[in-house]
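Knowing the structure of chain A, use the given hints to seat chain B on it.
Chains A and B, in that order, are what the protein sequence lines are.
Residue 489 in our numbering sits at position 489 of the first sequence, with consecutive numbering throughout.
With the second sequence counted from 1, adding 630 to any position gets you our numbering.
Incorrect hints may appear among the rest.
[Unchecked claim] Restricting the straight-line Cα-Cα distance to at most 25 Å, the calculated cross-link-like pairs of lysine-lysine (BS3-like) are:
1) B:653 with B:709
2) A:91 with B:669
3) A:265 with B:747
4) A:134 with A:120
5) B:713 with A:598
6) B:787 with B:709
7) A:601 with A:499
8) A:265 with B:735
9) A:406 with A:601
10) B:669 with A:268
11) B:787 with A:265
12) B:713 with A:336
13) A:410 with A:265
14) B:735 with A:601
15) B:653 with A:268
16) A:410 with A:120
17) B:713 with A:43
[Stated by the list, open to error] Beyond 10 Å from chain B on every Cβ pair, some chain A residues (computed):
18) 19
19) 26
20) 100
21) 411
Calculated from the structure, these hints are not laboratory results.
Positions of the beta carbon are idealized from the N, C-alpha and C atoms, including for glycine.
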Amino acid sequence: MNNGLNFRQLEETKARILLSRAAWKSSITVCGGTGCHAQGGTKIVQAFREEIKNQALDGSVELRTTGCHGFCEQGPIVVIHPEGIFYSRLKAEDVPEVVTETIVNNRIVERLLYTVPKKKHRIISEKDVPFYQKQKRVVFAHNGLIDPTDIRDYIALDGYQALVKTLQTMTPEDVIAEIKASGLRGRGGAGFPTGRKWESCRSAVSDTKYIICNADEGDPGAFMDRSLLEGNPHSVIEGMIIGGYAMGASAGYIYVRLEYPIAVKNVKIALQQAKEYRLLGESVLGSDFSFDIHVFQGAGAFVSGEETSLMASIEGRRAFPRPRPPFPTQAGLWGKPTSINNVETWANVPHIIARGADWYSSIGTQTSKGTKIFSLVGKINNTGLVEVPMGTTLREIIYDIGGGIKGRRKFKAVQTGGPSGGCIPEDMLDLPIDYETLAKAGSIMGSGGMIVMDTDTCMVDLARYFLNFTQEESCGKCIPCRIGTTQMVEILTRITEGKGEEGDIERLESLAKTIKTHALCGLGQTAPNPVLTTLRYFRHEYEAHINKKSCPAAVCRALVEYRVVPDRCTGCQRCVAACPTGAITGPRAKAHNLDPTKCIKCRACYQVCRRDAIAGDAIKIVPRREVTDA
Amino acid sequence: MVQSSGESRCPDDPYADIFSGFKGEYGDLIATLQMIQEKLGYISEESVKRISRFLRVSENEIFGVASFYRQFRFVESGKCIVKVCMGTACHVRGASNILDGFRRKLRIEPDQTTEDKLFTLETVNCVGACALGPIVVFGDEYRGQMLVKDVDETIEKIRTENEQEGGAIK
Numbered sequence: 001m002n003n004g005l006n007f008r009q010l011e012e013t014k015a016r017i018l019l020s021r022a023a024w025k026s027s028i029t030v031c032g033g034t035g036c037h038a039q040g041g042t043k044i045v046q047a048f049r050e051e052i053k054n055q056a057l058d059g060s061v062e063l064r065t066t067g068c069h070g071f072c073e074q075g076p077i078v079v080i081h082p083e084g085i086f087y088s089r090l091k092a093e094d095v096p097e098v099v100t101e102t103i104v105n106n107r108i109v110e111r112l113l114y115t116v117p118k119k120k121h122r123i124i125s126e127k128d129v130p131f132y133q134k135q136k137r138v139v140f141a142h143n144g145l146i147d148p149t150d151i152r153d154y155i156a157l158d159g160y161q162a163l164v165k166t167l168q169t170m171t172p173e174d175v176i177a178e179i180k181a182s183g184l185r186g187r188g189g190a191g192f193p194t195g196r197k198w199e200s201c202r203s204a205v206s207d208t209k210y211i212i213c214n215a216d217e218g219d220p221g222a223f224m225d226r227s228l229l230e231g232n233p234h235s236v237i238e239g240m241i242i243g244g245y246a247m248g249a250s251a252g253y254i255y256v257r258l259e260y261p262i263a264v265k266n267v268k269i270a271l272q273q274a275k276e277y278r279l280l281g282e283s284v285l286g287s288d289f290s291f292d293i294h295v296f297q298g299a300g301a302f303v304s305g306e307e308t309s310l311m312a313s314i315e316g317r318r319a320f321p322r323p324r325p326p327f328p329t330q331a332g333l334w335g336k337p338t339s340i341n342n343v344e345t346w347a348n349v350p351h352i353i354a355r356g357a358d359w360y361s362s363i364g365t366q367t368s369k370g371t372k373i374f375s376l377v378g379k380i381n382n383t384g385l386v387e388v389p390m391g392t393t394l395r396e397i398i399y400d401i402g403g404g405i406k407g408r409r410k411f412k413a414v415q416t417g418g419p420s421g422g423c424i425p426e427d428m429l430d431l432p433i434d435y436e437t438l439a440k441a442g443s444i445m446g447s448g449g450m451i452v453m454d455t456d457t458c459m460v461d462l463a464r465y466f467l468n469f470t471q472e473e474s475c476g477k478c479i480p481c482r483i484g485t486t487q488m489v490e491i492l493t494r495i496t497e498g499k500g501e502e503g504d505i506e507r508l509e510s511l512a513k514t515i516k517t518h519a520l521c522g523l524g525q526t527a528p529n530p531v532l533t534t535l536r537y538f539r540h541e542y543e544a545h546i547n548k549k550s551c552p553a554a555v556c557r558a559l560v561e562y563r564v565v566p567d568r569c570t571g572c573q574r575c576v577a578a579c580p581t582g583a584i585t586g587p588r589a590k591a592h593n594l595d596p597t598k599c600i601k602c603r604a605c606y607q608v609c610r611r612d613a614i615a616g617d618a619i620k621i622v623p624r625r626e627v628t629d630a
Numbered sequence: 631m632v633q634s635s636g637e638s639r640c641p642d643d644p645y646a647d648i649f650s651g652f653k654g655e656y657g658d659l660i661a662t663l664q665m666i667q668e669k670l671g672y673i674s675e676e677s678v679k680r681i682s683r684f685l686r687v688s689e690n691e692i693f694g695v696a697s698f699y700r701q702f703r704f705v706e707s708g709k710c711i712v713k714v715c716m717g718t719a720c721h722v723r724g725a726s727n728i729l730d731g732f733r734r735k736l737r738i739e740p741d742q743t744t745e746d747k748l749f750t751l752e753t754v755n756c757v758g759a760c761a762l763g764p765i766v767v768f769g770d771e772y773r774g775q776m777l778v779k780d781v782d783e784t785i786e787k788i789r790t791e792n793e794q795e796g797g798a799i800k
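Chain A on its own, in the form it takes in the complex (with noise of 0.2 Å):
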């Protein structure tokens, strides 16, 4: 279909496409990311197909899918340009009612705009809506409209225009500069400088350099990269080239992780598409630079997101990791100077290129710039991906995007940097986000990852929850890590099944310093993070566990009791056609009983209870300190 591109051609073949495409009435958007997917998004693909079909719209409306629009609380989400209109919770149903009215008569479907959670009023455009207001959308711009699988629409988009005017007007050490002239830093988590990592691979001395893209995206609540690479794939694509020139690399790798099989595809249709087009492979654009791009599927190892561990999986071995110096700038891939960078940060690079260093780093602190994807959820009510200045304070993301609280509850703390971070409470909400303040209260940036947590979560639970995590993902290669925080689990575990003893407090301290100044690796040395920071913000629920045995948040189980609220059960029976062991009983219309004996604590009968108009919320669960105390 092509022979590939010279520079001219990219310019010539960007204004084929949008004239082929004025003959478009209107665009159908469909968000096509693993959130919406799993909530019907391809059945709503399908209706629309058959919807426009039907009705003879073929030549006039174009039906896209696309990669994630981040509001994934919404989803699936469809939108309707050039209007914008936003439609959200589409079920396949609604669909022949949106082409008629919408895409025909040109009228909105009033019921299914997105309503604001505790205000009434509905809202037709998704630039208006207020999850998306008060985010900067520079990295996530093309998502919601760009289909991953057509190169064709991030070429409409300026796609490869960055890439152009560095092999024009750049040579590597210009590109180097700009980079480190903007301030851009590690999106993966550490915040390296990454101008400086550059500028150390490009000096190496060596015939053969590689670059990574870290997509090994490991740790649990983040999912940014994810949808960069499903959804925008081209522009982490265009960062690797410009990257690739600017190094002097010849080939890249992009490590996915296995969980990801929707991004694993779209990648490859990507780099597929980027070579047809000679954006890749043999003199890029007709230049005298020629890269390539393979793509490397991991196989289920929290370890290798750290960049020896990454480097030893695509080499075929265990992604076990290495002592450093020699960085891997030096020393990486199959011995030769190599650098890995996260998705995000590759992303960032086309933006830095084409719009220049200083507006970059003209967005955030001083010590951060840009912007940032965060992954909000967690006990919140609109979950999602947002994308933010460096500097927002965690109030406005949970509060003015994240729309606060789920339900009743309150706020207690929030979780960044999965289990390398920490948990930040309540008081510390008016924080500027970046990479220094997250560090001095004890947490870090992580991959963004950004889990929030109500008053119904016990942090013991949660910190068990963590280094049982880290306990299972260690490699073994070294003892403090692999000794340590299985000794860590124990005691944790310990504390949370009411069987505590007074000095575990101290022995988890002793414990998480030695493994933090002694582990081989990052994953090993940030491990007792989420354990200092819950004892530095909640020491008073440990004490609690471990004094009183009584678990203050009611989760964990060997210190709740589970109860009927007389004078709330409306006898509804829900919540005995529900419990798997007959432990409650009770006649229509009459409070149930409920046998503590029979009880396995499986959570079922709170659940039906509490999401039940009819039933009442008349299941509670309590620590077991205050039933004995009644």
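Positioned in the frame of chain A, the structure of chain B alone reads:
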């Protein structure tokens, strides 16, 4: 599990087909294992032997690499793999109760398969659909915002569908 061997060049030997896409270098080890698991369902002793001959790497070493990663299975899995997401967002929304629900309903522990070979229960660190937690993936279908009572219902539904379709999942 094995793809229709009608068109393949060596109908009796799936390995020849799998290996034909590789150069036979050490760096192919993980990708080879992945391909075998995809085509044959799991890594058997025979698989390890064949890779050993193909890449000229000891069986011991292959097993060492394969057992390091979560992805690789050494026994045949059930028809429907149930993956319970244990990510942080799912955890704070009660994923452990969901996992317990499956344990109870299927009477197996994670990484085990039911006697009728219909279900394999697995946990996964995070599937990256955190906004919808707790999440469970059945085969390749995602189910978000699971409740404990949904566990029994979904399992029963898949069982019935399986019986109706004469044993084929989906």
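Outcome of the hint check:
1. Only pairs whose Cα atoms come within 25 Å are accepted, and residue 653 of chain B paired with residue 709 of chain B is rejected, the gap being roughly 32 Å.
2. Pair hint residue 91 of chain A plus residue 669 of chain B does not hold up; C-alpha atoms about 35 Å apart against a cutoff of 25 Å.
3. A hinted pair counts as satisfied when its Cα atoms are at most 25 Å apart, and residue 265 of chain A with residue 747 of chain B does not qualify at roughly 29 Å.
4. With a C-alpha separation of about 20 Å, the suggested pair residue 134 of chain A and residue 120 of chain A falls inside the 25 Å cut-off, and the hint holds.
5. At roughly 28 Å between alpha-carbon atoms, residue 713 of chain B and residue 598 of chain A are farther apart than 25 Å, so this suggested pair is violated.
6. Taken as a hint, the residue 787 of chain B and residue 709 of chain B pair is honoured in the structure, with Cα atoms around 14 Å apart against an allowance of 25 Å.
7. Our distance criterion of 25 Å between C-alpha atoms is met by residue 601 of chain A and residue 499 of chain A, whose separation comes to about 19 Å.
8. With a C-alpha separation of about 34 Å, the suggested pairing of residue 265 of chain A with residue 735 of chain B is violated against the 25 Å cut-off.
9. Between residue 406 of chain A and residue 601 of chain A, the direct Cα distance comes to roughly 23 Å. Compliance with the 25 Å bound is thereby established for this hinted pair.
10. Our distance criterion of 25 Å between C-alpha atoms is met by residue 669 of chain B and residue 268 of chain A, whose separation comes to about 20 Å.
11. About 30 Å separates the Cα atoms of residue 787 of chain B and residue 265 of chain A, which puts this hinted pair outside 25 Å; it is violated.
12. Restraint check for residue 713 of chain B and residue 336 of chain A: not satisfied, since their Cα atoms lie roughly 38 Å apart, outside the 25 Å limit.
13. Between residue 410 of chain A and residue 265 of chain A the CA atoms are separated by roughly 41 Å; this puts the pair beyond 25 Å, and the hint is violated.
14. A C-alpha spacing of about 15 Å is found between residue 735 of chain B and residue 601 of chain A, which places the hinted pair at or below 25 Å, so the restraint holds.
15. Restraint check: the Cα-Cα separation between residue 653 of chain B and residue 268 of chain A comes to about 20 Å, which is no more than 25 Å; the hinted pair holds.
16. Taking the CA atoms of residue 410 of chain A and residue 120 of chain A, the gap is about 22 Å. The hint holds against a cut of 25 Å.
17. Annotation: proposed proximity of residue 713 of chain B to residue 43 of chain A holds, straight-line Cα distance about 22 Å (limit 25 Å).
18. Every C-beta of chain B lies more than 10 Å from that of residue 19 of chain A, the closest at about 38 Å, which supports listing it as non-interface.
19. At the 10 Å boundary, the C-beta of residue 26 of chain A stays outside the reach of chain B, the nearest C-beta of that chain being 28 Å off.
20. Once the 10 Å rule is applied to beta carbons, residue 100 of chain A is consistent with being away from chain B; the minimum gap is 30 Å.
21. Residue-level check passed: residue 411 of chain A sits 13 Å from the nearest beta carbon of chain B, beyond 10 Å.
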